[in-house]
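2 protein chains.
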Amino acid sequence: MINKQLLNPRSIVVVGGSDDIHKPGGKVLKNLLDGQFKGDLHVVNPKLDEVQGLKSYRDVNDLPEVDLAIMAIAAKFCPDTIDILTKKKNTRAFIILSAGFSEENEEGAKLEADIVEKVNAVDGALIGPNCIGLLNQNYNGVFTTPIPQLDPQGVDFISGSGATAVFIMEAGVPKGLKFNSVYSVGNSAQLGVEEVLKHLDETYEEGKSSKVKLLYIENIDKPQMLLKHASSLIRKGCKIAAVKSGGSEAGSRAASSHTGALASSDVAVDAIFRKAGIVRCHGREELATVASIFMHPELKGKNIAIITHAGGPAVMLTDALSNGGLEIPHIEGPKADALLEKLFPGSSVSNPIDFLATGTAEQLGDIIDACENDFDNIDGMAVIFGSPGLFPVYDVYDLLDEKMKQCKKPIYPILPSVVNVADEIKSFIAKGRINFPDEVLFGNALSKVYHRAKPVPENPAIPEVDNTKIRQIIDQADNGYLTPEKVQELLDAAGITRAGESVTSDRDATVTAAEKLGFPVVMKVVGPVHKSDVGGVVLNVKDADTVRKEFDRMMQIKDTTAILMQPMLTGTELFVGAKREDKFGHMVMAGLGGIFIEVLKDVNAAIAPIEHEEAIGMIQRLRGYGIIKGTRGQDPINETEFAKIITHMGALMEAAPEIFEMDLNPLLGSKEKVVAVDARVRIEK
Amino acid sequence: MINKQLLNPRSIVVVGGSDDIHKPGGKVLKNLLDGQFKGDLHVVNPKLDEVQGLKSYRDVNDLPEVDLAIMAIAAKFCPDTIDILTKKKNTRAFIILSAGFSEENEEGAKLEADIVEKVNAVDGALIGPNCIGLLNQNYNGVFTTPIPQLDPQGVDFISGSGATAVFIMEAGVPKGLKFNSVYSVGNSAQLGVEEVLKHLDETYEEGKSSKVKLLYIENIDKPQMLLKHASSLIRKGCKIAAVKSGGSEAGSRAASSHTGALASSDVAVDAIFRKAGIVRCHGREELATVASIFMHPELKGKNIAIITHAGGPAVMLTDALSNGGLEIPHIEGPKADALLEKLFPGSSVSNPIDFLATGTAEQLGDIIDACENDFDNIDGMAVIFGSPGLFPVYDVYDLLDEKMKQCKKPIYPILPSVVNVADEIKSFIAKGRINFPDEVLFGNALSKVYHRAKPVPENPAIPEVDNTKIRQIIDQADNGYLTPEKVQELLDAAGITRAGESVTSDRDATVTAAEKLGFPVVMKVVGPVHKSDVGGVVLNVKDADTVRKEFDRMMQIKDTTAILMQPMLTGTELFVGAKREDKFGHMVMAGLGGIFIEVLKDVNAAIAPIEHEEAIGMIQRLRGYGIIKGTRGQDPINETEFAKIITHMGALMEAAPEIFEMDLNPLLGSKEKVVAVDARVRIEK
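These protein sequence lines map, in sequence, to chains Z and D. Read in order, the letters of the first sequence correspond to residues 1 to 685 in the UniProt record's numbering. Read in order, the letters of the second sequence correspond to residues 1 to 685 in the UniProt record's numbering.
Next comes chain Z alone, as it looks inside the complex:
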């Protein structure tokens, strides 16, 4: 497990270090030297006495005690070396760069298991094998470049793929994205993405730890661990974005062939990310852009001022933000007029604020000040400023940097002229700033960040269900489908409203039964054959008084022995289902029924247990939500009751994890209630 020897070693040995900086063993040593590692640095190389100016030990047995070993030797030599290091050299942390382990074949998998056992035996930490290493404020333990600019408030980046980690850094670094640490977990033999995230959560210190985490994941082995610590970090004020690749069917195949692991279901991934509050990205460029937005102050509302010296990009950004659900509100009034006075004729302040190709740094300052102080309907600013190449724009970017220091509202710099003013952009980035070169990629990412889900609370309010009764039904059940009677009992125990019926012959019992069924009800005489002909059927009975009155009347009808009641069932078809997903727990799905499921696949999912707010979110994100809200003069469907069924379904799954699949299909929803008309439950213990 992660320890201080891994994070902040007093001494490091590179086993397999060499003078050849075109190979991992040579390059990682060079990176450590370039990074001026402050502790003792050793090398083991059986053929040399000196490597890159350092003393080299020909035999690992000759080493002094050492905290961390970075290993760049063939897989087959690793176990013995680790044996010596753990037993004789008090080494408690290992980074294995070498490949040739479980990713390659069965033999490699055995070597890997052997190594994990040896490291675990001394409570050691193991990163890799088959990775690029680890990089933090204390040492550059990676064999790759670029070595990003390190900043305590930079990104903590954990990657399940080494090459992808490099390429993600290459997407972010040129734009100014800074890093605090990079963990490449390789085969995750001992420490995977989840374990590193857990560590970052458990060691989080407000005001000291970085607030931005990025993940690149090909497999989620421990979704519940990921959920727990990602949501915990986010509740502490962190922001997390992640790429989970392999979502498409073909992509899953690609991920499998690469890592030898089965792909997780993509819907479950979406659900767990939403529950945690993680922003899901689908590529390196998007991940870098979202991370760059995370590095800015929080955008506290959806109103953006677009400040520009060129019309086109402002229009495209307006489209992107507006289509993404953000606002570019009109700016007007005396303060807007006063601002306009300071700009050249032909400028516009109505938003986008266009101060023309001839606009100056001073004018930009006036505009930013007005947006910060005068315009209450502005929550953040996007500043677009490029150059046709006529003159330098250092003054503008310096001003922008100054204003970014002063302003509380976030200011996003969109500097498109990556050719014409490359030097000015470089100087701006050197001040610690980040550039968004493309306004549309920025706008899409900002919308995504702004609309990200909130993490579930630490102790979510989950509805109570009758656990004793549920356990009794489940424990007695065999694998396969539950009988209809047991299904009814299970729904009752779970507090899921179902279409019921009652047969009563006592007035008070009939009223109680009607109240339990829920008004309106249908009352029918029991006994007479042609019930309608004798006045023995009453539809749409709406209250207890009417039940009493009708009971008295109906019981006097000839041959009548009792009253049968059923709820008046009308309403819109709805659907709620649940499915056990390997490792993820149970997923509950909800949507409109019929064609909405079958043709439009208009269903949302959440991982059980589910809070009320989460269930409401599932309902409101449906494409067909308009039907639930009420459309064409139709009554709405009771959202609270629909949500209640979803949360109770979630609670049932917690109580009865043996349920493999369960459908409430259809439910009938109306303004008053939502009732399960048919249900199926499949047990797989």
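Please note: incorrect hints may appear among the correct ones.
The list treats identical chains as one, so a pair stands whether inside a single copy or across any two.
Claimed, not checked - The list that follows gives simulated cross-link-like pairs (lysine to any residue, SDA-like), each with its CA atoms no further than 25 Å apart:
#1 K601 / H451
#2 K76 / A357
#3 K629 / E598
#4 K583 / P657
#5 K403 / L150
#6 K601 / R623
#7 K342 / G108
#8 K236 / S209
#9 K426 / P146
#10 K110 / G346
#11 K23 / D395
#12 K23 / D398
#13 K542 / K671
#14 K23 / D423
None of these hints come from the bench; they were simulated from the model.
For this one, chain Z is given, so just place chain D on it according to the hints.
For chain D alone, kept in the frame of chain Z given last:
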């Protein structure tokens, strides 16, 4: 209008040319000099006798004759100068860089109109005002940088915004995108995007003209001209991509404030682009990526081989392509086995073809050869090759360049290591190649390009309608809604099937009427009061024989004088509507009815007239298409009949442009037919 003086001038004068290269007049002169313009180059500057080493005339009257004038003087001086140039100097082409015209105020608009009049009077060409100029193989007539690498097969780029043109070039040039010409049309006083496209169409020469056109448009003033020439170019083998900004409501405002013009309806823009076969993009990065794909050989099928030395990007690309409707087919068989033999242990050829971090240039060559020659189920290759920074990769990129010369299947280079191997990428681009740095942006763009619509044929097959009758109804109608009788007549004249009825008392007439109504029909006796009781109603009569038989029987029923027939109407609610869109002509919309329109907005649009194939496309792109195809054991809806109503609706709009709005709502669609049950027509002459 565009003439040879504009495109290939023998002589150019820069009016307002100066030594100050930080201003447009100085910079455009520098660009002309740097570009080694081969003709005579003059300068007019009232204060100097020599400018940038050239003789400068203090008075435009002193100039010799000159083909093209590039003007960088204040707006108010332009008309007089143009007067002299057109009348005394035989100048027939003008590029006005200066601002201060219609984009600024009323006064400027008058100056602009005056200039257009003067230029038109001599059949001259005018680019601008308020633009960055024109750049082609003959001269660098722009005042901005970068000056892209010019290539006769590079992009012809027409932009409605000067600054945006610069920023788009800055997005494309670093990736290797090459240009043949750049037209910045500014205020489009005489020549707009449409006119330039028309010129490119009319002067197109197979084998000589470039095949790729890019457009950046803020307003479509002449949609029909755009449609005509864009589709014509595409039919000739060209590829066109365009950004039309201002699509969102807020974006339209931004566009208006920028250009002083009303925004076109965005749905109409989508419709006209689809009809023309233009790929619509929504940002600079996307436009540059699509253009880069256009510069590669045509992808002839949807099967892509992903060739990679790193797993992560391959998985993300697989996801992007697969979600975009392309295939990453399994590769297997003896030839695949033979290829695998040539790779290092642990490689995979099943697609993605992963030849590992240690993979060599030679292996890449073997893989590409196999994909080109051996694997019939592969139509194109995406090659992902970055670097962790250990050693140079010139050999790999040189090999890639060689293979791209040899192969017929397109090869798309995805080189993500823009930091680690920046020099190698630069050298690859210098060979004329293009890089796609982000695999997901590439994958999304490739899917978009592959699935782009085909342009309408030059002479589309439009159904015939009864023009005489239609004109008669329309000519007699007042503005407002047509009467129900006239609506029925209009539908009949347009050949749109409607729910009709007939009353007949002759056997043959009844059969004819039934055939006209369409089987099955309902037959009812006319005369008897309680028709059912006397056997006077027959449902679901399916053929002429039954009509004859039932006619004979029913006419003998007491009091019967005639037979009333109606079609048996059952089916799924559908919708077809039409609306006149300013400048675009009529837009016809089609979808499923009811909630599909009202809640899901599931409607597709096309510009009239509409071909059968186009109508089928409108139907098949519906999200609810599954219902039309038939779902849950239900019959499908007759697509041919649905399409027929759409094409006839389009033809009706051509015959009667006075129709402002028309709804067929609902139509009832079944396996046999689609029938208009209700219709509304609004005339606005």
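Against the structure, the hints come out as follows:
| no. | hint | result |
| --- | --- | --- |
| 1 | K601 / H451 | both (22 Å within a copy, 23 Å between copies) |
| 2 | K76 / A357 | between (64 Å within a copy, 19 Å between copies) |
| 3 | K629 / E598 | both (21 Å within a copy, 13 Å between copies) |
| 4 | K583 / P657 | within (12 Å within a copy, 62 Å between copies) |
| 5 | K403 / L150 | within (24 Å within a copy, 40 Å between copies) |
| 6 | K601 / R623 | both (10 Å within a copy, 10 Å between copies) |
| 7 | K342 / G108 | between (70 Å within a copy, 22 Å between copies) |
| 8 | K236 / S209 | within (11 Å within a copy, 60 Å between copies) |
| 9 | K426 / P146 | both (16 Å within a copy, 18 Å between copies) |
| 10 | K110 / G346 | between (73 Å within a copy, 16 Å between copies) |
| 11 | K23 / D395 | between (44 Å within a copy, 18 Å between copies) |
| 12 | K23 / D398 | between (41 Å within a copy, 22 Å between copies) |
| 13 | K542 / K671 | within (14 Å within a copy, 43 Å between copies) |
| 14 | K23 / D423 | between (33 Å within a copy, 20 Å between copies) |
Checked against the numbered hints above, the structure breaks none of them.
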